[in-house]
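Undergrad: For reference, the chains in residue letters:
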Amino acid sequence: MAPILILPIAIPMATAAVLLLIRNTRIQRWLALVGAFCLLASAIAIALTVRADGIQVLQAASWAAPFGITFVADRLSAVLLVAVGTVGVATTAYAFAGIDPRRESAGYHPVLMVLLMGVSGAFLTGDLFNLYVWFEVMLVASFVLMALYRNRMQVRAAFTYVTLNLIASAILLTALGLLYGKTGTLNMADLSRMWSTGELPPLHLSMAALFFTAFAIKAALFPWFSWLPASYHAPPAAISAIFAGLLTKVGVYSMVRVFTLLFQNIHPAGHTFILALSLATMVVGVTCALTQRDFRRVLSFNLVGHIGFTTMGLGLATPLGLAGSLLYVLHHILAITNLYLVAGLFLRMRRTSEFDRLGSLFRTHPFAALLALIPLFALAGVPPLSGAIAKIALVRAAFDSGAYWAGAIALVVGLLSLLSVARLWDEGFWKSAPPDADKASPIWQQLVPIGGLTALTLTFTLAAGPLFELTSSIAADLLRPDAYVHAVLQGG
Amino acid sequence: MELLLAITAGSLYAAGLYLLLRPRLAQLIIGLGLLTNGTNILIFVSGGLTRAIPPVLPEGQPSLEPPFADPVPQSLILTAIVIGFGVLAFALLLAHHVHRTSGSDDVGGAR
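Chains as they are written, first to last, in our numbering: chain R, 1 to 492; chain V, 1 to 111.
Think of the hints as simulated: they come from the structure by calculation, not from any bench. Each hint should be verified, as a subset may be incorrect.
[Said to hold, decoys possible] Label-pair ranges, simulated between beta-carbon atoms:
1) V:Arg-24 / R:Arg-103: 25 to 31 Å
2) V:Thr-8 / R:Leu-203: 15 to 21 Å
3) V:Leu-88 / R:Gly-465: 47 to 53 Å
4) V:Leu-4 / R:Ala-52: 45 to 51 Å
5) R:Leu-20 / V:Leu-88: 22 to 28 Å
6) V:Arg-24 / R:Glu-354: 28 to 34 Å
7) R:Thr-49 / V:Gly-86: 30 to 36 Å
8) R:Pro-201 / V:Ile-81: 22 to 28 Å
9) R:Gly-198 / V:Thr-8: 52 to 58 Å
[Said to hold, decoys possible] Some chain R residues near chain V, calculated using beta-carbon distances under 7 Å:
10) Phe-129
11) Glu-136
12) Phe-143
13) Ala-147
14) Val-155
15) Phe-159
16) Val-162
17) Leu-166
18) Ala-170
19) Leu-173
20) Thr-174
21) Gly-177
22) Leu-178
23) Gly-181
[Stated by the list, open to error] Straight-line C-alpha distance at most 20 Å; calculated SDA-like pairs for lysine to any residue:
24) R:Lys-182 / V:Ser-75
25) R:Lys-431 / R:Phe-362
26) R:Lys-182 / V:Ile-41
27) R:Lys-431 / R:Thr-352
Backbone N, C-alpha and C define an ideal beta-carbon position, used for all residues, glycine too.
Isolated chain R, as found in the complex (with noise of 0.2 Å):
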C-alpha cells in the first residue's frame, strides 16, 4: 500500500477547490503556482519511491484487485506525473505575464488544477474505466478552458474539438463495454495475466481495434489529426502550451500502456499497421506545417507531425525503438510546451501569431531569442539537442528490425521539420518586421517559464546518457508486463 500515490490527485482537487473560494486573482495566481509545485515535488517523490522500492501500487478505499480501482505508479507513470507537474509549473508560473482579467476571474486557475488532476489521474489508474473517467475529467476541463474564450473563431475552434473528442470517449466506451462483457475485469494487470495466458477472448481483434482508433484519436494520428490544429491556435498561449504538452501524451501514454500490458502479441500486421499511420502522421503533419503562415499553426502540425515518432516505437516493438519513442515523449512534452509559451511573447508583442507582423526578434530581444532558439532547433532534432538523441534512437531501431522505410522516412520527415523550424526563426527573429509593428517588449514573467523550460531542453541534452539507460529499462519493463501484474495483484 502506498498512500503517496493518491497526492498528484488529491493536490490539484484540493487546490481547485480552495481556487473557487477566492475571488482575488492575484491571490488566486499565487496558491495556483504553489498547488503546482507541491504537484512537481509528490511527483518527484512518488519517482524516487519508485527507484528505490519498485512499482507502488495503491488499491483504492482497501478493495483488493482486481475487485477495486488499483493505482499504480512504475518508472513510466513516474517519470510522466514529473513531465506533468513541470509543465503545470511553467503554465501556472506564466500566467503571472497576464491573462484577460475577465477570462482570469470565471476561473482559469481552478479549471487548471482540475485538467492537470486528469492528466495525473490517468498516468496513475491501472484500470481501464477509470483512465475513461479520467478522460473525460481531462476533456471537461480542456473544454471549458477552450470555451471561457468567447470570440467567433475560438468558439468555432471549440465545438470542433469537443465534437471529435466525444466520438473518441464513446468508442473508448464501446471497447469497454465489450472487454467487460468479454473478460469480466477492467483492471489491467488481471487482462494483462488472461492475455499472457494465451487464450484471448473472443472479438479480441475487434477491441484492439476500438482502443486503437479512440487513442489515436486523442493522440491526433493521421487520419484522425484534423481537430488539433483547427483548436490548438485559438486559445491563449499558456493553455495551448498546457494542452500541446500534455493532452496528446496521455492518448499515446493510454496507447503504450494498452497495446504491451494487453495486446502484445497482436498479429504483426497490427503492428505494422500502427508503423504505417505513424509515418503518415509525420509526413502530413510536417508537410502541412510547410504550407502554414501563423506561427502557432505551424507548432500545432508540427505537433501532429511529431506525434508520429511518438508512437512510432509502438509500431516497431522492439526495446530500442520502444526507448526512442518514450525519449521523445519526454523531450517532446518540454519542447513544444515551451515554444507554445514563445509564441505568447509573440502576441504580447504583435497581437498575432501570423508571420507577416512578426520578425526582428534577434535584433531587438536577442536573449528572448536565444531562448527561444534552443527549444526550436531541439524540436528540429538538430544535435546534439535532445530531439536528436532519440531520433536517432529510432531510425537506428527501425534498420535494426529491417524497417529500412520507415527509417528513411523518419530521416525525411527529420529534414522537412528543420525546414519548417527554420521557416519559424526566419520569419519571428530574423526577417526586418513590418514598419507598423508594435512595439512591445516582452516581460520577464513570460522569460522566466521559458527560460526555465529551456534549461531543463539543455539539461536533458547534457543528461541524455543516464535517460536513455532509463527509458531503456522502462520499454524492457513494459514489453516484459510481469513485473507488473505481480506488483498489482499480489502486492499492495
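Given the coordinates of chain R, assemble chain V onto it according to the supplied hints.
TA: Quick look at chain V alone, frame taken from chain R:
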C-alpha cells in the same frame, strides 16, 4: 431479449453516426446523445442479462450461488450516463454560443 437490445444498440449507433455527418449543429448534438446511449445499452447487454436475481447474500448463506445479476456493468453505465449527460449539456451550451456568435447553426458555415 439480448437480440432485441443488440439491435436497439446497433440502431442507436447507426442513427447517431448518421446524424454526426449532418450539416446542422442540432443534429450533431442529438447524434452524440444517441451514440452515448447506444454505448450504454451495449455495456448493459454485454454484462449479461438476468431477470430478478439481485446479487444480494441471503441471511445465513456463506456465498452467492450463480446465476445472479452482475452489478458492475450497472455501475459503469450509471457513471457513463452522468458523464454523458454533463458533457451533452456542455455541448448544447457551446452550440448556443456558436449560434449566437455566427448567427447560423450550420457546421461548415460558422467559420
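Undergrad: Each hint needs a verdict: does it hold in this structure or not?
TA: Status of the hints after comparison with the structure:
At about 29 Å, the CB distance of Arg-24 of chain V to Arg-103 of chain R agrees with the hint of 25 to 31 Å. A C-beta distance of roughly 19 Å is found between Thr-8 of chain V and Leu-203 of chain R, which places it inside the suggested range of 15 to 21 Å. Under the hint 47 to 53 Å, the C-beta atoms of Leu-88 of chain V and Gly-465 of chain R, about 50 Å apart, fit the expected range. Range check, Leu-4 of chain V to Ala-52 of chain R: about 56 Å between beta-carbon atoms, so the 45 to 51 Å window is missed.
For the hinted restraint 22 to 28 Å between Leu-20 of chain R and Leu-88 of chain V, the CB-CB distance of approximately 24 Å keeps it satisfied. Taking 28 to 34 Å as the suggested C-beta distance range, the pair Arg-24 of chain V and Glu-354 of chain R conforms, at roughly 31 Å. For the pair Thr-49 of chain R and Gly-86 of chain V, the supplied restraint of 30 to 36 Å holds, since their beta-carbon distance comes to about 35 Å. For Pro-201 of chain R and Ile-81 of chain V, the Cβ-Cβ distance of about 26 Å falls inside the hinted range of 22 to 28 Å, so the restraint holds.
Separated by about 35 Å at the C-beta atoms, Gly-198 of chain R and Thr-8 of chain V break the suggested range of 52 to 58 Å. Checking Phe-129 of chain R against chain V: minimum C-beta separation of about 6 Å stays under 7 Å; hint holds. Taking 7 Å as the C-beta contact cut-off toward chain V, the hint placing Glu-136 of chain R at the interface holds, the least distance being around 5 Å. Taking 7 Å as the C-beta contact cut-off toward chain V, the hint placing Phe-143 of chain R at the interface holds, the least distance being around 6 Å.
Using the Cβ-Cβ criterion of 7 Å, the hint placing Ala-147 of chain R at the interface with chain V is satisfied: the shortest such distance is roughly 6 Å. Interface restraint check for Val-155 of chain R: the shortest CB-CB distance to chain V comes to about 5 Å, inside 7 Å, so the restraint holds. Annotation: Phe-159 of chain R was flagged as interfacial toward chain V, and the flag holds, the nearest CB pair being 6 Å apart, inside 7 Å. The criterion of a C-beta within 7 Å of any C-beta in chain V is met by Val-162 of chain R, whose closest approach is roughly 6 Å, and the hint holds.
Proximity of Leu-166 of chain R to chain V holds as hinted, the smallest CB-CB distance being about 5 Å (cut-off 7 Å). Using the Cβ-Cβ criterion of 7 Å, the hint placing Ala-170 of chain R at the interface with chain V is satisfied: the shortest such distance is roughly 5 Å. Interface hint status for Leu-173 of chain R: upheld, as the beta-carbon distance to the closest one in chain V is roughly 5 Å, under 7 Å. With a cut of 7 Å, the hint placing Thr-174 of chain R at the interface with chain V holds, because the nearest CB-to-CB distance is about 5 Å.
The beta carbon of Gly-177 of chain R is positioned within 7 Å of a beta carbon in chain V (closest approach about 4 Å), and the interface hint is therefore held. Because the closest C-beta pair between Leu-178 of chain R and chain V is about 6 Å apart, less than 7 Å, the hint holds. With a least beta-carbon distance of about 3 Å to chain V, the hint placing Gly-181 of chain R at the interface is held under the 7 Å criterion. At roughly 17 Å between alpha-carbon atoms, Lys-182 of chain R and Ser-75 of chain V fall within 20 Å of each other, so this suggested pair holds.
Taking the CA atoms of Lys-431 of chain R and Phe-362 of chain R, the gap is about 9 Å. The hint holds against a cut of 20 Å. Proximity of Lys-182 of chain R to Ile-41 of chain V is assessed by CA-CA distance (about 15 Å); at most 20 Å being required, the pair is judged to hold. A hinted pair counts as satisfied when its Cα atoms are at most 20 Å apart, and Lys-431 of chain R with Thr-352 of chain R qualifies at roughly 16 Å.
When each numbered hint is compared with the structure, violations occur for hints 4 and 9.
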